[in-house]
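A.B. asks: One-letter residues, chain by chain:
2 protein chains.
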Amino acid sequence: MRRLETVGVVGGGLVGSGWAIVFARAGRTVRLFDASAEIRAGALAGIRRSLADMQAFGLVGDVEAIARRISVVDSLAEAVAEADYVQESVFERVDVKAAVSREIGAAIRDDAVVGSSSSGIPASAFTADVPRRERFLVAHPVNPPHLVPLVELVPAPWTDGAILPWLRQAMEELGQVPVVVNREIEGFVLNRLQGALLNEAWALYEAGLASAADIDRTVAHGLGLRWSFMGPFETIDLNAPGGVDDYARRLGPLYHAVAQARRDPRPWSDDLVGRVTRERREALPAADLKARSAWRDRRLMALVAHRRGQPDR
Amino acid sequence: MRRLETVGVVGGGLVGSGWAIVFARAGRTVRLFDASAEIRAGALAGIRRSLADMQAFGLVGDVEAIARRISVVDSLAEAVAEADYVQESVFERVDVKAAVSREIGAAIRDDAVVGSSSSGIPASAFTADVPRRERFLVAHPVNPPHLVPLVELVPAPWTDGAILPWLRQAMEELGQVPVVVNREIEGFVLNRLQGALLNEAWALYEAGLASAADIDRTVAHGLGLRWSFMGPFETIDLNAPGGVDDYARRLGPLYHAVAQARRDPRPWSDDLVGRVTRERREALPAADLKARSAWRDRRLMALVAHRRGQPDR
Chain A
1 MRRLETVGVV
11 GGGLVGSGWA
21 IVFARAGRTV
31 RLFDASAEIR
41 AGALAGIRRS
51 LADMQAFGLV
61 GDVEAIARRI
71 SVVDSLAEAV
81 AEADYVQESV
91 FERVDVKAAV
101 SREIGAAIRD
111 DAVVGSSSSG
121 IPASAFTADV
131 PRRERFLVAH
141 PVNPPHLVPL
151 VELVPAPWTD
161 GAILPWLRQA
171 MEELGQVPVV
181 VNREIEGFVL
191 NRLQGALLNE
201 AWALYEAGLA
211 SAADIDRTVA
221 HGLGLRWSFM
231 GPFETIDLNA
241 PGGVDDYARR
251 LGPLYHAVAQ
261 ARRDPRPWSD
271 DLVGRVTRER
281 REALPAADLK
291 ARSAWRDRRL
301 MALVAHRRGQ
311 PDR
Chain B
1 MRRLETVGVV
11 GGGLVGSGWA
21 IVFARAGRTV
31 RLFDASAEIR
41 AGALAGIRRS
51 LADMQAFGLV
61 GDVEAIARRI
71 SVVDSLAEAV
81 AEADYVQESV
91 FERVDVKAAV
101 SREIGAAIRD
111 DAVVGSSSSG
121 IPASAFTADV
131 PRRERFLVAH
141 PVNPPHLVPL
151 VELVPAPWTD
161 GAILPWLRQA
171 MEELGQVPVV
181 VNREIEGFVL
191 NRLQGALLNE
201 AWALYEAGLA
211 SAADIDRTVA
221 HGLGLRWSFM
231 GPFETIDLNA
241 PGGVDDYARR
251 LGPLYHAVAQ
261 ARRDPRPWSD
271 DLVGRVTRER
281 REALPAADLK
291 ARSAWRDRRL
301 MALVAHRRGQ
311 PDR
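In order, the protein sequences belong to chains A and B. Residue 1 is where the first sequence starts when you use full-length UniProt numbering, and the numbers rise one by one after that. Residue 1 is where the second sequence starts when you use full-length UniProt numbering, and the numbers rise one by one after that.
Chain A on its own, in the form it takes in the complex (with noise of 0.2 Å):
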């Protein structure tokens, strides 16, 4: 496979806007393609906003140096026929990525790679009968995905494995994280995760054991500092003496008990959420969402800035 230097991508809304800011600032060339003529005409002047609100973090340079990188072109064989690396992220619906991957896949290079930005569906329920589909996998991105560099890759059965090992080495060059996930599963890792702790979050408010606003406050302060720089299995090595193991040994009971007493999953069920909505539009109107939205990327856009200077170790 060539080296990552050109660029198809699919779907121009804000998961595929972030990803041509990706590409298009480590210096690749981006063609960017969406079917509705709406957002292709909007889409270069959202790039140039978001690059923008960047520049003034500190994050990027010459915002038309980047931007100039992208084109918007106005057929998906266009976008996709000369690039190295496929980005599809269209709406996710099997039926829509079923359809959009055909088109991408009877256009491709026989050598390109298609990436999709799916959240939780994995690659094979949607590349079983598409042209060339031992070069689509799945690269699940965090949103906005030029803010959290996290990747995750999760290969079909059909998948060339010779393309995980060269993915993961581009997304490295780009500046994104890469994380493999060895065998389709739904919701991947990270959304099992933010499942799993959403799905205690709702017992506990179910149960009437702390508001919605009190269980916020937890993570964003308390839970939430440690696991903006390490992970869960970091964390609690470094809380116990004698590393992970004697934290397990402590713990690990505790933890085994707060499983065991939710063997009988409740959904989230319309009451519920109801009420959890009720808390957060007293909060936070409806009409402060975007607002707030906007608040959420400063603050990310800070905290990206902050993190770079941070060492290592």
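Keep in mind that a hint or two might mislead.
Covered stretches of chain A (in silico footprint by chain B; criterion: 3 or more residues with CB under 8 Å from a CB of chain B, positions within the stretch not fixed) [said to hold, decoys possible]:
id: 1; segment: 158–169
id: 2; segment: 288–295
Among the chain B residues that face chain A by a calculated CB cut under 10 Å, a handful are [stated by the list, open to error]:
id: 3; residue: M1
id: 4; residue: L4
id: 5; residue: A37
id: 6; residue: I39
id: 7; residue: G120
id: 8; residue: V177
id: 9; residue: V180
id: 10; residue: V181
id: 11; residue: A196
id: 12; residue: L209
id: 13; residue: T218
id: 14; residue: H256
id: 15; residue: R298
id: 16; residue: A302
Partial selection, computed: residues in chain A whose CB lies under 7 Å from chain B [stated by the list, open to error]:
id: 17; residue: I185
id: 18; residue: L209
id: 19; residue: T218
id: 20; residue: S269
id: 21; residue: A302
id: 22; residue: H306
I should point out that these hints are in silico values taken from the structure, not numbers from a laboratory. From the three backbone atoms N, C-alpha and C, an ideal C-beta is built for every residue, glycine too.
Given chain A, work out where chain B should sit, using these hints.
C.D. replies: Just chain B now, kept in the frame of chain A:
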């Protein structure tokens, strides 16, 4: 109850010393006692070292002015007799906490309040036979309390109802972030949330889906970034255009499937713990655990300093 001005700290290990810093840096007078003469002899030097580290990150001003507010005393009674508030941070075992709580209950003023640093044992398990038991509750910090501000307040069934609002307010005035757990539950909120994520992490590792290092990266470079300034409910509230109910409609079924797949939780087996331990010890030899913990604390201090400069909206 009086304003929280004079504090008795019982237990002078890492947690107790961290609490002494929390109180003293907010201008309170602290009397610290530990049953070990060795710990008593070294406590103030350790506190001065922590304060000097914090000063280097701009987190405190005059180290000596803070240290001068802390005196190490030679008896438990001397530490607690005049205290408005007592923070108990002795070894986490029911019999140890029960014996120390009896001594504290016999020596405090009638209107004093006693918070235990217990990280999972509810106060009713060790205060049932304690004098003035209605003055006791759990005030569980995250380690180290002078860097991570969260405190879980968990009343026993017999805790005086006036204490919770008083202590919540007092903790806020100290600069901590208190949350209320309405009823006793094993692990409280923080360690139940941590345990849910850890249980999923161990299960994914056991199934061979990812390495411990890649699971750690998934949190440290993915999930943990937003969680260092927003809780899980706010995170999903901002992750769908229509807010938390929109998110729950779209992703609730996936997360319920994750929970359904864990209906038969396995304990963290010796074999499993051994394998993660080997992976961790290859990444970080046991001899380096202490240096890595010092790095963690420096990263925490830098993160806390960074958070101080960030807008809340």
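A.B. asks: Which hints, by number, does the structure contradict?
C.D. replies: Checked against the structure, the hints that fail are numbers 1, 3, 4, 5, 6, 20, while the rest are satisfied.
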